[in-house]
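Going line by line, the protein sequences match chains A and B. Residue 107 in the working numbering sits at position 107 of the first sequence, and the numbers go up by one each step. Residue 133 in the working numbering sits at position 133 of the second sequence, and the numbers go up by one each step.
Everything labelled a hint here was simulated from the structure, so no lab data went into it. Any given hint might turn out to be false.
If chains are identical, the list can't say which one is meant, so a pair holds when it fits in one copy or spans any two.
Stated by the list, open to error - Listed next, the in silico EDC-like pairs over lysine to aspartate or glutamate satisfying Cα-Cα at most 20 Å (straight line):
no., residue 1, residue 2
1, 249, 219
2, 38, 227
3, 5, 46
4, 131, 112
5, 5, 87
The model shown is predicted, which means the values in this text are computed figures rather than measured ones.
Number of protein chains: 2
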Amino acid sequence: MDKIKRNERLGAMTKILTDTPNRIHTLSEFCALFGAAKSTISEDIDLISASFERFDLGRVETVAGASGGVRYRAIPSGAKIKRVLTDLSDRLSEPGRMLPGGFLYTSDIVSESATAQAMGEILAAKYYDRKPHFVLTMETKGIPVALMTARMLDVPLVIARRDSRAYEGSAVKINYIAGGGSERIETMALARRAVGTGQRALIIDDFMKGGGTLQGMVDLMKEFLAEVVGVGVMIATAKPERKRVEGAKALLILEGFEQDTGRAIIRPAEEYM
Amino acid sequence: MDKIKRNERLGAMTKILTDTPNRIHTLSEFCALFGAAKSTISEDIDLISASFERFDLGRVETVAGASGGVRYRAIPSGAKIKRVLTDLSDRLSEPGRMLPGGFLYTSDIVSESATAQAMGEILAAKYYDRKPHFVLTMETKGIPVALMTARMLDVPLVIARRDSRAYEGSAVKINYIAGGGSERIETMALARRAVGTGQRALIIDDFMKGGGTLQGMVDLMKEFLAEVVGVGVMIATAKPERKRVEGAKALLILEGFEQDTGRAIIRPAEEYM
């Protein structure tokens with residue numbers, strides 16, 4: 001193999017690190033790949049790290065210890081978070097998004113991969129230190145943001161279903177009170193094998209009104225003897241103020257709709273402003 | 001601003017390009033960001049491009065013309081595709097994945113972000129030249145792979161629902177024949193505003209047996225006067241050989257299950273071997 005120059009290593013290392021967020025790569029892995037000494041690879045990492053910091057691209061960090069190495073975490077700066085959430089609020093308050101019944105049309109935006117990724121980066125950054133083993137969501141609209149959060153944390157995504165399906169095998173099924181004022185009793189189900197006893201769950205969903213669905217997911221985790229280490233949502237309504245679930249954190253707050261125009265009044269949650 | 005050296009630019013440029021697959025960035029954008037001349041940025045791009053090629057990390061390509069610039073496409077090599085699909089076949093044929101009724105348990109694997117991304121890269125690479133405007137899937141299990149395919153193509157994801165929901169506004173609803181031998185009539189719905197007339201749809205799903213759901217999606221697109229430019233699935237069963245939908249391409253073929261062990265007999269589709 002030809003000797004690989006720094007200029008060639010930097011692009012490849014950046015790609016490998018950012019393609020696997022939160023995963024620790026040993027220096028030896030890169031030494032072997034590039035045929036370079038550890039000191040050389042360390043210098044490469046310092047260069048990438050400085051470049052990422054300068055351009056607000058997340059963090060490339062060295063992790064000390066026996067299982068140490070280097071990892072990328074997509075931790076956005078406060079300024080970047082504010083910009084992302086303000087842009088999103090602007091888009092969600094475009095005219096024509098109010099649906100009959102006072103619902104907000106979000107299906108297009110929550111399914112955009114770039115938006116889901118930006119939200120996932122912010123949510124993951126909040127919960128790195130809780131070390132979740134997996135991200136749990138309930139089908140359907142929360143899946144993109146939950147998947148991207150799981151990607152940033154380097155953990156699996158687990159999807160609760162409205163009904164247990166034949167192709168998921170034996171399942172745990174619970175009833176919960178669905179929100180939205182109508183107080184319906186609904187069912188959610190999850191394959192028995194999807195979650196192990198004692199695992200730490202991070203619950204992520206796209207929308208919270210009454211909090212019933214989220215509390216359903218919390219109850220579901222109790223059945224699995226799993227621990228809920230956080231509940232994050234993309235959009236929460238300001239009212240009702242009291243939610244069925246405790247401690248849920250939202251990125252955006254939906255205050256309501258303007259009476260004359262029907263535009264949504266939506267803003268970033270206070271902690272991000 | 002301090003002068004930014006090549007060593008600092010390479011990491012940042014790589015991150016920006018790979019974070020937005022298939023999106024064209026102008027050289028001027030990078031010139032402004034780094035305070036560098038076009039010729040310098042061009043040399044940076046050549047370095048990143050060569051590094052990506054050498055380490056099989058996708059392609060960084062210069063696009064000529066008025067709307068030209070540089071873009072990253074996650075096009076995996078034949079060798080990489082083969083490795084990814086072989087690994088996946090091995091995992092899917094682990095014991096214990098056969099469920100009552102001859103179903104295969106895949107929920108854990110299809111929801112892994114890294115797996116969904118690897119599949120998305122392979123599927124997107126197949127359909128770049130069809131220039132889809134969006135990716136369509138049907139809830140639920142196909143969403144991760146469809147989202148990652150959409151991410152690689154830099155297009156929106158559109159999710160058909162089993163039922164139209166109040167919070168999606170007016171919807172188009174069709175009936176289709178669900179596969180799996182049982183020949184049930186089911187419903188799928190999609191918000192009227194989700195798709196525009198004349199748009200090109202790429203249909204992506206996780207599993208195809210009879211092909212009824214996929215044909216349902218094709219029929220749904222007819223209602224929107226949208227054109228289907230491709231149908232890609234992660235896993236297709238070998239039987240029935242004749243599917244309800246035409247021209248669907250699978251990454252993996254499920255031949256059946258071993259009688260004594262219950263292991264799935266699954267392999268990469270021939271075109272990838």
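Each hint, compared with the structure:
no.: 1; hint: 249 with 219; verdict: within (18 Å within a copy, 40 Å between copies)
no.: 2; hint: 38 with 227; verdict: neither (39 Å within a copy, 53 Å between copies)
no.: 3; hint: 5 with 46; verdict: both (16 Å within a copy, 14 Å between copies)
no.: 4; hint: 131 with 112; verdict: between (26 Å within a copy, 17 Å between copies)
no.: 5; hint: 5 with 87; verdict: neither (40 Å within a copy, 32 Å between copies)
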